[in-house]
Every structure is written in structure tokens, then in C-alpha cells.
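Full structure from sequences and hints, please.
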Amino acid sequence: MAVDTVTRLYVDGLRSIEELAISLRGLTVLIGDNGSGKSAIVEACEILRRASTEGFFNDLHNIHGGLFSLLRHGERRLFLGVDVDGAGPPLVYRITLAQDGPYTVIEDELLVLEPEGLLLIARTRNDAQVYRDGEMMKRIEVAPDQLLLTAASGPFSPHPALPRMRRALANLEVHVPFEVMPSWVAKADGRRSEARGEMQLQRVDRLERLGKNLPNVFAALQNEFGTAHWNETMEYVRLGLGQHIETISLRAGAAGMHSLWLKLRDRDAQIPATSLADGVLSYLAFVALFRLPRPDRSLLAFDEPELHMHPELLARVLGFFEAMAEKHPVILATHSDRLLDALSKPEEAVRVCELEQPEAKTRLRTLDADALSRWLSDYRGLGDVRSAGYLPHVLAEPAEKPPTKDAPGEDGSS
Amino acid sequence: MIPVTVLYEDARDQKTKGFGLHDLVVQCVCDALGRAPWDVGKMLIGQPKNGANKLRAECQRNMDKLAAKGGWVFAVYDADRIRERIGLTVNACRQSVIDRLKDGCACADHLDVVLLESNLESVLHALRAIYPALETDETWRRAIEGKKHDARDLLFTAAAKPSPLMRPVREALLAQQPSFARLVARIARVL
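Read top to bottom, the protein sequences are chains A and B. According to the numbering used here, the first sequence is numbered sequentially starting from 8. According to the numbering used here, the second sequence is numbered sequentially starting from 3.
Incorrect hints may appear among the rest.
As the list claims (entries may be wrong) - SDA-like mimics (lysine to any residue), calculated; alpha carbons at most 20 angstroms apart, straight line:
id : chain 1 : residue 1 : chain 2 : residue 2
1  : B       : LYS163    : A       : THR240
2  : A       : LYS219    : A       : ASP152
3  : B       : LYS150    : A       : HIS236
Simulated from the structure, these hints should not be mistaken for laboratory data.
Structure, rendered in C-alpha cells:
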């Protein structure tokens, strides 16, 4: 069954980003200096995911710090948008949020069915309209802090594209490094090591951010997708951690809580998640992310997956992302030269975030495939080229005219 | 203990945990010597190099260091297109290919060039013919048609299991792939 995926992402006015449009096909790897906008792109994905929820406005304030903290210096509007395609005709969704004195308001919101450009919903600051077959069906009342997409995509939605877009946004998945801090650090500082913890057994359909439900994901992998799938999952575990791993199990503790345990071959004792090395536990979480079937994922974004990873294990994890990118777009933001070295097709995947001066605005650069090919005859990979200081030699020339959301350019450079 | 280095022509230039082809070589050497993988693995270093040119350059650059303590180096090339890549005619004899690949390498008497007939895909095809149930059809497809590293690593690593079930699979593979068997035998001899 065809599934919607995000094919293009638009961000204007967020942190260092003035205007950006990026095409998403397969794997996209964002690199660049600290503060060049990589994580802002990842955060934009998360804000768009929240646009599928009723609590969007609250989350914008309580979790993302409100529009004032999100806006690029000097900007008054935050514009976010996606193009979605796969399960039907292409869809275009856009939101503009603006600062109005102390308040944040939804200035524009629209959903368009391509290729005819059929308008489905359109909203200005005070007016929300729903269309059917190109004709305005009705004006509707929506609260000023509620997105029209969520208000109009319920059971009586005027067009199936509305719930379709909402699902596509809900199926955006944004991750940061798994929370695997050593148990002693967590205890000493009164914090919780999420991926190591105990939890009630529950059905899951995805790995939560920080690996919070890792035991439940392994329970699902073991019990819900057949023996062959579980056996292959364990093969992937062993590929990274060694053939001495026999299995992963769940053990019941007090009050119905369960935790993850690792069993080694030829050893009676098992190792609890609380005692596993940071990198081992992170790797198990990557295996869980890769192996838990998520047929409806529209985009996966991961900020700095290299944390805790030995370079050779990181190369293995990158293989997971490349495999997932065959099914849906994947965005990685990274500082790791070793990850770059291991990329199968760096010339296609990598986008270099640069802060264009003097405006200090993010722009994306692509790589010059021919130049890179020449360098790679002598260097191990793009990371090797970069660490030697030669990255500028493999950058493609910037597009003369930045593409816009109205006239998008090729390959997402802006 | 002097490490032995095996450099493989591959499509990647960075060692990855669970480098399946090397794991299989290690286990085959273990089979031949009657030793444990952890014992052999610590003195047998496997390193992929992206393409024949990089493999050759690595030998030219580092043979003096790799063989400084008397260690052996095995350079494993795909045989099918090596002649054109090093500027020889397609009917050039095997020895002239090996001599050319050793050109410019220090300590060439400790460099053993192995030409894998015809290439890594041949080993995969042979493995599939011997034991198709080793992995799922999808993994075979990704490994052979898709040329995906992770799928290839899964297959080779599965074949490298020290279990009694896999030993006959490896023996059959060595019987069907004489160049692969030569590599294993020559490594076993120097360990």
C-alpha cells in the first residue's frame, strides 16, 4: 500500500534560517558548524509533527519556548510547510505564525491538493474557510489557537486529503540521541536514564524519543512479527555487538514492571539494561528503531546519532538509516567525520549548512560530485576530506538565485 | 604475536562492526586450525578498501609498516576486472597480474595477492546455492541485487557461525570456490 512521505520541507524565519526549501529523497545528511542551522531544521520537523495534534499551540509555547524564542532575529513571522506525496495526489500544507504584540497568532494556513492546485482549507487571521471541489463550502469557527487542519480533519472532514495530511504530519518521527546515561550518574544527580528504566508492558507502534519505551519495543519485536523477523533482529544485534550475544529478554520486576536484559552465550547470568555500556544500549535502541515495522512513517529525523558510538558501530548504524531511507526520507544532522566516511553516496546525501554573512542566515550547499570523486580516489571518505580541511574544494557553487517556496529550485539548496 | 592483515577490495572504505566477509574468513581459518574465533580474530585484522585502486595504494603506502615485524599481508582483489584496472590485457597471465599488483610495494615477499574468482558476488551466489535458507529471500535480494552491505554482512556472518550446522556449509563453499579456499589455506599456513 502506498504511503505518504514528506517530499519537501519549507522553513522561513526559524532561528538562523531566513528562508529554506529542501527536497527530501532517501537520505539527507546535514553537516556544518555549530549554530549553522542543522538542529533548527530538525526542530522544524518536530513543530510540524505537533501541527497534527490538538495541543499544537500549547506545545509551541510550553515545549518550543513560544514564537518569540523560535523566531530569527528581526523576523515577525514563522513559516513552515511540507509537500507530501505517496498515498494519493501530492498535497501541500503551509502555516504562518506571527507575533502580534505579546500574542502569537495563526496568520495563514492552507492545504492544497496538487496538481490542479485545488484549495481545501484556507485561513487568514480572522477567517477560516473549508472548500469542496474548488468551491468554498463554509466558513467555520475555529479557536484562534487551533489549527484548521486539526479542526476540520475529524470524522466529518469535507475531503479525505485533510486527514491524510494530518496523518502524514503525525507520522513524522524526530529523534535525538538516546538517553542512556550511566545508572550511577542518573542516581547521583536525581535524573532518570530513560532507555535503562523499567516499564509496564504495553503495545507500541514506534520507538519513543530518547528510547523511553525500549523494553516494550523489544517485547513487540519478539512477539508480534514472527520468528523469522525476531531471528533477523537478533542477527542485527550480533552484527554490531558480537556473536557472543545469545538473546535479549524482558524480565518482570516489582509491580508488573519490566526491564531489558542481555543474555550472553555460554553464560548463565544475564546483564540488566542498567549495567550495559552506553554504546551497547544505544545500539540496541538503533536496532529497535530500524527493525520495528513502521510502514506509515512519513519522515525520520535524527539529530547527532553518533553519540556514544564507536566508529565501526556507527558505520553499522548508518547502514540502518540507509536501509530505512529506501522506504521514506531520513534526515540526519551530524558532526561525525566517521559517519560521513561511511556514507554510500555522499554526493547525493550531504547538505552543508553554512551561515551566510553578514546576515548570519543559514544556506544549504550541495556537493560537487565530480570534485568529490577526484578527492575520494585518495581519501577514505567525505569525513576524511573534511578533517583534512578540504571540504570547500568539494562544494558545488551556490545557486545564483535562491529558490523560494513559490518557485522551488533543485536539490533543496537555498 | 604478530598480526596478519587481510585487505579486501570492497565497496566501503571504513571498517564496520560485523564485517561479514572477514568474519567468514576468520571462522574458516578457525575450522582449518581447530582454534577458537576469539583466539584467531585477535591476530587476524580485516580491513575493507573501496576499490582495487585504493587497495593497491594501501599496499604501496603501508606495506613497510604492516610487515615491519615480519607480519603477513593478504590483499584480496576481485579477479574479474582487475586486468583492465591495472592496465594489462584481458589475457594477461595470473602471475603478471600479481607482479603488477605488487609493484611499488615494500616487503613484497610478505605480501600475498589473492584473486577472488570471479568476485565477491560469486561467493554470495555459491553460498545461496549451498544453503538458501541461511536468510530470508529479502535479505538475499538486498545482498545480491541491491549490493547492500548490511545484508551481505548478515549472510556472511550467518555462515560464519561456529555451530555444527554451519561447518558443512563452509566446507561446501570452500569446495565450490577454490580461490576463496586458497585464501583461507594461505592465511592458516602463516598463523
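- Given pair status - THR240/A, LYS163/B, alpha carbons within 20 angstroms: holds (16 angstroms)
- Taken at face value, is the distance from the CA of ASP152/A to the CA of LYS219/A at most 20 angstroms? With a Cα-Cα distance of about 30 angstroms, the restraint between LYS219/A and ASP152/A is violated, given a limit of 20 angstroms.
- Assess, step by step, whether the Cα of LYS150/B is no farther than 20 angstroms from the Cα of HIS236/A, and give holds or violated. holds (18 angstroms)
The earlier numbered hint that this structure contradicts is number 2, and it is the only one.
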